[in-house]
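Trainee: Kindly generate the complete structure, drawing on both the sequences and the hints.
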Amino acid sequence: MTIKGKAYIVGAYEHPTRKAVGKSLAQLHAEVAKGALEDAGLTKDDVDGYFCAGDAPGLGGLSMIDYMGLKLRHIDTTETGGSSYVIHVAHAAQAIAEGKCKVALITLAGKPRSSGEATGTKPRNYGIDSPDVAFELPFAPTIVNNYAMCARRHMHEFGTTSEQLAWIKVAASHHAQHNPNAMLQKVVTVDEVVNSPMIADPLHRLDCCVISDGGGALVVVAPEVAAELNRPKVRIMGAGEAPKHQMGGHVDLTYSAGAFSGPAAFAEAGVKPSDIKYASIYDSFTITVLIQLEDLGFCAKGDGGKFVADGNLISGVGKLPFNTDGGGLCNNHPGNRGGMTKVIEAVRQLRGEAHPAVQVANCDLAVAHGTGGSLGTRHAAGTLILERV
Amino acid sequence: MTEQRTIPAPHIEEETRPFWDGIRDGKLLVKYCRSCEAPHYYPRSICPHCGSDDTYFKESDGRAHIYSFSVFRAAPIPYAIAYVTLAGTDIRMMTNIVNCDFDALEIDQEVKVCFAETEGDGPPVPMFEPAGN
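Protein sequence lines, in the order shown, are assigned to chains A and B.
Under my numbering, the first residue of the first sequence is numbered 1, with each subsequent residue one higher.
Under my numbering, the first residue of the second sequence is numbered 1, with each subsequent residue one higher.
Treat the hints as calculated values from the structure; they're not laboratory data.
Be aware that one or more of the hints could be misleading.
[Said to hold, decoys possible] Quick look at which bits of chain A chain B covers, simulated, 3 or more residues with Cβ under 8 Å:
(1) 50-56
(2) 122-134
(3) 193-202
(4) 246-257
[Unchecked claim] DEER-style ranges, computed between Cβ atoms:
(5) Asp-61(B) with Asp-252(A): 21 to 27 Å
(6) Asp-61(B) with Val-21(A): 40 to 46 Å
(7) Ala-75(B) with Gly-316(A): 36 to 42 Å
(8) Ser-35(B) with Tyr-126(A): 42 to 48 Å
(9) Tyr-126(A) with Ala-104(B): 57 to 63 Å
(10) Glu-37(B) with Gly-352(A): 57 to 63 Å
(11) Lys-100(A) with Asp-108(B): 49 to 55 Å
[Said to hold, decoys possible] Counterexamples of contact, computed for chain B against chain A with all Cβ distances above 12 Å:
(12) Gly-26
(13) Phe-57
(14) Asp-61
We treat Cβ as the ideally placed atom computed from N, Cα and C, and that holds for glycine.
Mentor: Here's what the structure looks like:
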């Protein structure tokens, strides 16, 4: 069964906080839920489907529906790290198409900043039952040095340079200067990026995303519900999801699961990358964007460096405006999970509600894409093709 | 010689104990499958390639070359993480490159296994150093 045209995003809300001292995690989830429902013109009593991932506290979805007082027909707690919320939109559309719910609420929240988490630089220990732990944790893998190995290999195989990667940060900073909520609003240059402190070579400090508290929520509804609402309608045209891992030791760091989720989404929507007016691409690091752009088919594998250079991702300047809220690189990265904010900014662009300085003219077709986990080990990608009606 | 981090002791399950016993004996053991004949890493009881449970450990000669690496320059004690491709196989394992000049590391560089002590009474873990050491 296809989900093409079977569901609409009618509510989107990004929490303005970047440091949520004094707020509980459940409270943040509830605040973004309230924001997205109000944006849609709906109430919590309209919600009959709820989606959340590993960031939800306690018993996850069960704790959150208890806290928010939701009465549901459908619940889905698919956990694929930062890409979860992109995949939740697809799962919500599937559930709606199958008649399992009509109004689906998706929430994300997190507080890594106020809790002082060393998100990218401290080895993550997933516990003794994690089957890989004995064979990885002793070597101190972190998020940043995992992605750095991807960048190094890409440079080796394709001649990608630090200056080309820096253009991705430069583009994000050009957008973030117009976002009063963004953590980093200063426009930076290629020189500033490549001269920022080396964290895990070849990735510099400014190749990395910010660490922020916050969250976001989305409301996905059936066509008959969307028809009753006054908000601009964003139709879900196609979706893809895929995992990738070490393949029993056949590690290949040059591509991601986006190589599978992207083509599936474009095929379902019946469009091609050159049709896309705006792209939200998960930007945990500059290299994350570059590999995703190749895997989604915006350029050939290995040509990402040339594709992103010279401002090609800057709205109003280049051919593919990306992450016009400033993205994870400059705006926020709530809960260390960037998929939610990717969908939210795509919705803003399709509604014509992005900041006027970065709004893409006649933006009627957009992609929102996320990865979760680590490109250096195991991860999952989700791709959405969205259309303004 | 570079200063060493404190290495956490690996968590050992019965499934992987022969691997760690091998390390204590100075051997790097790689899991192979009798059904599809392919090696895999990290070791499992059931082959992740074909699903057979007829798997066995075989000693590697410990030679490898660097597939990719990154030196964590911002860490209190900088260290090099890497994936290395084991010689004679198509499998890559996560490790550290040690006893080396971080600035001289290169992809495709030949390296050989060495063993680094871990905390407490844990077994050593397999790391790699330049083949010329």
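Trainee: Find the hints from earlier in the document that the structure breaks and name them by number, from lowest to highest.
Mentor: Hints 1, 6, 8, 9 not satisfied by this model.
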